[in-house]
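Engineer: Sequence:
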Amino acid sequence: MPVTVAVESSWDASVAVAACTLRPWSGSVWRCHGRQYAGDNAEGSLKVSGRFNRGTDTFPAHETWAVLYTSVAQHVALGERIRHTPVSNLRNLANQRMSRLRVDLQVVICACLPERCAQLMVPGLDEADLCHLTNHRKTQAFALAVRTVAEALLIPSCTKFPEGNLIIFPDRMMPGSTILVEETQDPELVVDWDSL
Numbered sequence: 001m002p003v004t005v006a007v008e009s010s011w012d013a014s015v016a017v018a019a020c021t022l023r024p025w026s027g028s029v030w031r032c033h034g035r036q037y038a039g040d041n042a043e044g045s046l047k048v049s050g051r052f053n054r055g056t057d058t059f060p061a062h063e064t065w066a067v068l069y070t071s072v073a074q075h076v077a078l079g080e081r082i083r084h085t086p087v088s089n090l091r092n093l094a095n096q097r098m099s100r101l102r103v104d105l106q107v108v109i110c111a112c113l114p115e116r117c118a119q120l121m122v123p124g125l126d127e128a129d130l131c132h133l134t135n136h137r138k139t140q141a142f143a144l145a146v147r148t149v150a151e152a153l154l155i156p157s158c159t160k161f162p163e164g165n166l167i168i169f170p171d172r173m174m175p176g177s178t179i180l181v182e183e184t185q186d187p188e189l190v191v192d193w194d195s196l
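Our numbering puts the first residue of the sequence shown at 1, with every later residue one more than the last.
It is worth saying that the hints were derived from the structure and are not from the lab. Do not rely on the hints blindly, as some may be mistaken.
[Said to hold, decoys possible] Computed spacing ranges between beta-carbons, pair by pair: (1) Trp193 x Thr21: 31 to 37 Å; (2) Trp11 x Gln119: 17 to 23 Å; (3) Trp193 x Pro123: 45 to 51 Å; (4) His132 x Val15: 19 to 25 Å; (5) Trp11 x Gln36: 36 to 42 Å; (6) His62 x Pro123: 28 to 34 Å; (7) Ser14 x Met174: 18 to 24 Å; (8) Met121 x Arg83: 17 to 23 Å; (9) Ser195 x Asn89: 17 to 23 Å; (10) Ala61 x Asp186: 29 to 35 Å; (11) Leu22 x Ser88: 38 to 44 Å; (12) Gln36 x Pro60: 21 to 27 Å.
Backbone N, C-alpha and C define an ideal beta-carbon position, used for all residues, glycine too.
Let the sequences and hints guide you as you build the complete structure.
Structural biologist: Below is the structure:
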């Protein structure tokens, strides 16, 4: 059964995707994720919905899809993790791992200027839509449309760092496209100040 996403009637995510460029993408990306997952494992995204995925926290299983949220630079991946960690959950940063992945993809939607990926270039999608913390209807609709034609999405980061994010849809990868874990790091990000 196809998944649909209801958004404002005047905006068509498929038209927005068609206005973006398609290109291959190869290089290293970084991901900040829970230590219980391997760097190339997207299973956690099936549990919790985000800007470019649907999880079982909000949707029935048949309406979900997995995603690897990665960033073109290590500091952007860490910035994204911090940005999406509520103050009440800062201790959860103690369980984070940084993974560097080597990615070779054949078809990527470029939703930004390719040189620096700081400016969003999607008709009808603005920064407020992209960076809204709780309303993901429009970005999920865009992701669903991207998934019909591409393996991943290169898009600006809401951290305001000029390097972008590469949103990878593992179930849409084509034969010959690859993701390889190059390196992992387990940083010490939390100090128990109360015990000092």
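Engineer: Does each hint fit the structure? Answer for all of them.
Structural biologist: Outcome of the hint check:
no. : hint                        : verdict
1   : Trp193 x Thr21: 31 to 37 Å  : violated, 47 Å
2   : Trp11 x Gln119: 17 to 23 Å  : holds, 19 Å
3   : Trp193 x Pro123: 45 to 51 Å : holds, 47 Å
4   : His132 x Val15: 19 to 25 Å  : holds, 21 Å
5   : Trp11 x Gln36: 36 to 42 Å   : holds, 37 Å
6   : His62 x Pro123: 28 to 34 Å  : holds, 30 Å
7   : Ser14 x Met174: 18 to 24 Å  : holds, 20 Å
8   : Met121 x Arg83: 17 to 23 Å  : holds, 22 Å
9   : Ser195 x Asn89: 17 to 23 Å  : holds, 19 Å
10  : Ala61 x Asp186: 29 to 35 Å  : holds, 31 Å
11  : Leu22 x Ser88: 38 to 44 Å   : holds, 41 Å
12  : Gln36 x Pro60: 21 to 27 Å   : holds, 24 Å
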